[in-house]
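Asks: Residue strings, one per chain:
Protein chains: 2
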Amino acid sequence: MDPAQSNVVSLDPQRVEIAMEVHKLAPPPPKTTLQKLKSRLKETFFPDDPLRQFKGQPLKKKWILGAQYIFPILQWGPNYSLKLLKSDIVSGLTIASLAIPQGISYAKLANLPPIVGLYSSFVPPLVYAVLGSSRDLAVGPVSIASLILGSMLRKEVSPTKEPLLFLQLAFTSTFFAGLVQASLGILRLGFIIDFLSKATLIGFMAGAAIIVSLQQLKSLLGIVHFTTQMGLVPVLSSVFHNTNESLRKPKLFWVSAGAPLVSVILSTLLVFAFKAQNHGISIIGKLQEGLNPLSWNMLHFHGGYLGLVMKTGLVTGIISLTEGIAVGRTFAALNDYQVDGNKEMMAIGLMNMVGSCTSCYITTGAFSRSAVNHNAGAKTAVSNIVMAVTVMVTLLFLMPLFQYTPNLVLGAIIISAVVGLIDVPAAYLIWKIDKFDFFVMLCAFFGVIFISVQNGLAFAVGISIVKILLQMTRPKTVMLGNIPGTDIYRNLHHYKEAKRIPGFLILSIEASINFANTTYLNERISRWIQEYEAEEEVSKQSNLLFVILNMSAVSSIDTSGVSLIKDLKKTMEKQGMELVLVNPVGEVMEKLQRADQAHEIMKADCLYLTVGEAVASLSSTVKAQTSNHV
Amino acid sequence: MDPAQSNVVSLDPQRVEIAMEVHKLAPPPPKTTLQKLKSRLKETFFPDDPLRQFKGQPLKKKWILGAQYIFPILQWGPNYSLKLLKSDIVSGLTIASLAIPQGISYAKLANLPPIVGLYSSFVPPLVYAVLGSSRDLAVGPVSIASLILGSMLRKEVSPTKEPLLFLQLAFTSTFFAGLVQASLGILRLGFIIDFLSKATLIGFMAGAAIIVSLQQLKSLLGIVHFTTQMGLVPVLSSVFHNTNESLRKPKLFWVSAGAPLVSVILSTLLVFAFKAQNHGISIIGKLQEGLNPLSWNMLHFHGGYLGLVMKTGLVTGIISLTEGIAVGRTFAALNDYQVDGNKEMMAIGLMNMVGSCTSCYITTGAFSRSAVNHNAGAKTAVSNIVMAVTVMVTLLFLMPLFQYTPNLVLGAIIISAVVGLIDVPAAYLIWKIDKFDFFVMLCAFFGVIFISVQNGLAFAVGISIVKILLQMTRPKTVMLGNIPGTDIYRNLHHYKEAKRIPGFLILSIEASINFANTTYLNERISRWIQEYEAEEEVSKQSNLLFVILNMSAVSSIDTSGVSLIKDLKKTMEKQGMELVLVNPVGEVMEKLQRADQAHEIMKADCLYLTVGEAVASLSSTVKAQTSNHV
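Residue numbers (our numbering), protein chains in the order written: chain D, 1 to 630; chain A, 1 to 630.
By construction, these hints were calculated from the structure, which means they are not laboratory data.
It should be emphasised that the depicted structure is a prediction, and the values quoted were computed from it without experimental measurement.
Mixed in with the good hints, there may be bad ones.
One copy or any two copies: either way a pair holds, since identical chains are not told apart in the list.
To be verified - Within a straight-line C-alpha distance of at most 35 Å, the following computed DSBU-like cross-link-like pairs (lysine-lysine) qualify:
{"id": "1", "residue 1": "569", "residue 2": "36"}
{"id": "2", "residue 1": "435", "residue 2": "603"}
{"id": "3", "residue 1": "566", "residue 2": "476"}
{"id": "4", "residue 1": "379", "residue 2": "55"}
{"id": "5", "residue 1": "275", "residue 2": "311"}
{"id": "6", "residue 1": "435", "residue 2": "467"}
{"id": "7", "residue 1": "476", "residue 2": "569"}
{"id": "8", "residue 1": "574", "residue 2": "432"}
{"id": "9", "residue 1": "31", "residue 2": "476"}
{"id": "10", "residue 1": "86", "residue 2": "62"}
{"id": "11", "residue 1": "467", "residue 2": "198"}
{"id": "12", "residue 1": "60", "residue 2": "496"}
{"id": "13", "residue 1": "496", "residue 2": "42"}
{"id": "14", "residue 1": "467", "residue 2": "569"}
{"id": "15", "residue 1": "62", "residue 2": "379"}
{"id": "16", "residue 1": "62", "residue 2": "31"}
{"id": "17", "residue 1": "603", "residue 2": "432"}
{"id": "18", "residue 1": "83", "residue 2": "496"}
{"id": "19", "residue 1": "566", "residue 2": "499"}
{"id": "20", "residue 1": "275", "residue 2": "31"}
{"id": "21", "residue 1": "476", "residue 2": "42"}
{"id": "22", "residue 1": "496", "residue 2": "432"}
{"id": "23", "residue 1": "198", "residue 2": "83"}
{"id": "24", "residue 1": "435", "residue 2": "569"}
{"id": "25", "residue 1": "62", "residue 2": "476"}
{"id": "26", "residue 1": "476", "residue 2": "435"}
{"id": "27", "residue 1": "574", "residue 2": "499"}
{"id": "28", "residue 1": "311", "residue 2": "574"}
Let the sequences and hints guide you as you build the complete structure.
Replies: Below, the structure written as structure tokens:
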């Protein structure tokens with residue numbers, strides 16, 4: 001059988017009429033408004049169908065599943081083995097060696113006392129171990145959130161002049177951040193963090209990294225003269241240069257994992273040996289021993305700073321949530337397990353609310369430490385518990401050792417951590433794939449550097465949303481042509497072999513039709529018609545008789561869109577043309593029917609299932625009419 | 001020839017391979033980044049291709065066309081005839097009889113001296129007659145914009161205590177409104193007004209009408225005792241009730257057109273005859289004779305009120321522009337001519353900027369007066385000139401006649417005009433077609449009544465945008481099945497006769513893929529797979545081998561979307577499934593290719609032009625492999 005022949009056949013009117021009876025455009029199965037609302041709400045808020053596993057289970061099993069849902073530790077805890085524990089202890093000790101120097105450093109970045117960084121590496125990991133569902137997430141303070149918290153609060157309160165008030169505001173902001181995070185999870189509004197696109201985040205992180213580095217360099221450079229004599233800066237910078245590299249090479253990760261602690265120990269020993277604190281090297285100073293003091297009485301829910309802490313909580317909450325969820329998802333995908341986004345949000349949120357009552361500031365899953373955790377062989381959240389216990393021992397017994405740690409080594413640790421956030425290869429890939437995404441990235445980058453951390457971010461998010469809206473107001477309309485020898489219709493400007501059918505203008509609308517684009521679509525379709533007629537005049541082909549709108553890709557329509565279709569119908573009839581719709585989806589068909597009491601749009605000979613059938617059927621009727629006239 | 005047979009044939013692997021060679025998925029014709037940017041910008045800002053008519057014309061003709069483009073009067077002026085003039089004089093006088101009482105009334109609504117309403121009915125119509133392209137638009141002050149201007153300015157400045165400052169701010173706001181309008185036109189950002197959906201506007205207008213009516217009723221009710229004796233209110237209210245009705249019945253429109261002027265004349269005569277001003281009836285009082293004084297020296301571009309006037313200008317500018325453009329488009333569609341939206345914006349904007357320098361406040365095309373103009377037989381913008389001349393004569397010679405016009409008749413005129421803005425049948429139609437649009441309408445309605453005019457409007461616009469964004473974050477994915485006896489694949493849940501193909505999961509994604517929906521799509525697709533596998537376990541069918549994504553409706557993709565496709569590919573390979581893409585459009589295919597250096601996604605056996613071909617080809621390869629194993 002010759003394929004070309006079988007396709008010619010499909011244009012035979014007789015055959016088409018038979019085929020037409022077979023595939024009528026069916027209206028969708030009837031549904032009440034309530035059913036529609038229910039399924040819409042489910043798709044919007046429960047796309048992951050979290051209650052699926054509960055279906056058809058006996059009551060007792062439901063209770064157990066429910067408890068496991070809330071406390072994932074009940075799920076993996078019973079099967080925990082000595083072998084797993086061994087891996088978790090190794091990885092837990094490894095991340096503790098990172099968490100202690102980083103905790104102290106990041107607390108300084110947030111303008112908080114160094115010890116708050118250690119407090120924040122003790123309680124939150126324990127809370128997360130019970131509530132969280134990621135096996136690899138290493139929880140603690142992170143650079144970006146610390147930077148934002150510090151810089152937002154510092155605008156209204158000086159951390160040096162009013163340190164107690166500043167600390168209170170930091171805890172209160174952390175409480176609000178946790179509240180925002182948990183609410184997003186409970187209200188299943190987690191998709192809000194999706195509006196921070198990858199491009200925005202890459203630009204934002206790089207910008208923030210540069211700001212942080214410059215801040216730290218300033219303090220480092222202030223003592224450059226002295227440290228060159230000490231030979232410390234060159235040593236450190238080379239150490240940290242290697243650190244960064246090795247984060248990308250799992251085999252060398254021990255270097256990166258150990259480097260910060262080794263630097264702290266070495267520099268502390270050097271300062272202690274040479275009594276450098278008397279020669280102008282600033283040191284941390286005496287730290288209080290003991291575990292986290294309770295701080296719920298330091299939360300400020302009244303007075304003039306409420307707006308500030310709510311705003312700070314919102315911004316830091318969303319940013320740290322984005323980091324935590326992204327890290328959790330990345331490692332879950334690597335190890336083939338699922339992380340439930342909304343549940344993670346509740347876990348991280350509760351962790352911060354508990355943290356704010358126990359002298360901790362904002363924490364989340366840190367990317368670099370989670371990578372080390374994963375590479376060191378972490379199997380479960382027990383590695384977080386091991387880390388927390390190590391920090392606890394440090395808090396109880398080892399605090400005096402940090403007295404002589406020079407502040408500049410903390411600056412170096414911060415710089416080395418944040419420089420890794422500048423991801424040039426990712427930026428290059430974005431440039432290659434999508435120029436507009438690259439532009440958004442640049443906006444985030446320069447916005448953060450030249451405007452401010454939160455406004456730069458808001459600016460980039462705003463631009464990405466404007467892009468979506470612009471796309472929405474300018475949906476694509478494509479002229480289709482027939483691929484010879486087939487029933488297939490494709491974009492004429494893309495497929496050179498596609499041919500026009502004389503007398504037909506076949507357009508495909510590739511977006512939902514709504515108030516934001518009806519005016520444009522009206523203009524654009526009339527321009528298609530004018531262009532078509534202008535070309536026909538030149539080539540002296542037959543008149544335009546039918547305008548076929550392929551609605552396959554129109555996934556929804558609103559009242560303005562329905563009016564557009566009605567208006568188009570009327571305008572075309574005045575000009576002696578017929579508007580034909582092809583394959584409107586269920587919802588669209590239903591709305592058109594409800595608006596079309598006179599059955600003008602939805603009559604049978606203006607509605608087809610495929611473009612091919614519409615063309616075949618309509619050209620056969622035209623032919624029949626012409627021959628009758630003859 | 002049996003159609004069923006010809007379709008069975010298409011599943012024969014031999015035939016498919018031949019067919020496959022015929023329709024390969026072609027990459028789109030190459031274009032440089034600059035070319036793409038150019039065509040994107042053109043679609044965004046010049047969808048109506050305004051320069052089309054200039055193409056291929058000689059230079060002199062281009063100059064003439066250019067002048068006609070800027071001043072449409074040059075286009076229709078030369079062909080103007082006595083016959084047209086006769087129609088225009090009749091309609092011009094008719095709308096003048098409406099414009100004079102309405103002008104005075106609306107100026108009072110804006111808390112401005114009544115005479116400003118007459119000034120605003122003199123200069124702006126003349127400017128519009130030269131620049132505007134609508135033949136039916138009757139230009140002058142309108143109720144909604146007057147209300148907004150008055151209520152926004154009154155919040156910071158009292159019109160009774162500081163009348164001069166208030167007047168200055170009104171002129172300055174008008175100037176900014178004109179600037180905003182002209183800029184939207186010049187920058188071709190006219191689509192911004194598209195974000196005021198029909199539903200929003202209907203709710204907003206009804207809410208504003210109720211606020212205005214209540215305001216006016218308060219002052220009317222204050223004198224109810226007196227007026228009942230005068231018998232004026234019942235008379236007026238019955239007159240205006242009829243007025244409203246008759247606006248919808250063109251044959252009776254003379255009643256509606258004449259009623260306001262007749263009421264003014266009658267009530268003025270009554271007051272004058274009975275000396276009612278001495279019995280508590282408030283009257284307009286003495287009005288200054290003479291034409292518009294220049295007011296450019298009253299514009300305030302400095303000092304503490306700049307923010308207020310800019311905000312007021314923005315809101316009134318956009319609202320009045322929306323009304324003007326909508327009215328222009330409505331009557332253009334009725335009479336089969338085109339109105340260029342962006343050009344109209346420039347015309348209306350310039351009209352207001354000139355107006356603000358000649359003691360006019362914000363004006364636009366008024367719906368009710370344009371309807372009267374149209375029904376009275378207006379043929380060109382000359383009817384606006386006739387109206388302006390009539391107003392001029394009034395300003396020069398007839399001002400003393402208005403001295404005894406009672407204020408309450410102005411209130412009645414306002415109420416009668418705005419009650420017509422409450423469009424219950426349109427609201428009912430919206431309820432029938434789209435429940436969410438109805439909700440937006442209610443938000444606009446109650447927002448305006450209970451919050452404030454501008455915030456209520458902003459609230460409704462915000463909700464409609466959030467709806468679009470929500471739709472964007474939750475794109476539809478649909479499972480397709482084969483309609484037996486054909487190559488057609490359609491929604492399984494919509495077409496009952498559609499059948500699954502064992503071993504294949506065929507999904508159609510019905511929106512562009514971008515950062516806002518990649519997370520959702522990932523979750524949703526994995527849920528489709530899990531559901532499919534759960535059902536297969538029950539029915540013991542073959543394993544899932546292929547996941548086919550129909551990308552026909554994915555009109556664009558960004559870097560996050562590209563990562564999604566890559567991630568899906570990897571995840572499915574781990575689970576022993578193959579991801580197959582069908583018919584990605586040019587732009588999507590290009591981006592995927594650029595990101596896919598290893599040729600994993602875009603290899604030939606994972607890319608097909610139609611779902612039918614993909615299924616046929618893949619099932620034949622599977623069969624071949626199975627038979628080889630046997």
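Asks: Flag every earlier hint the structure violates by its number, smallest first.
Replies: Those not satisfied are hints 5, 12, 18, 20, 23 and 28.
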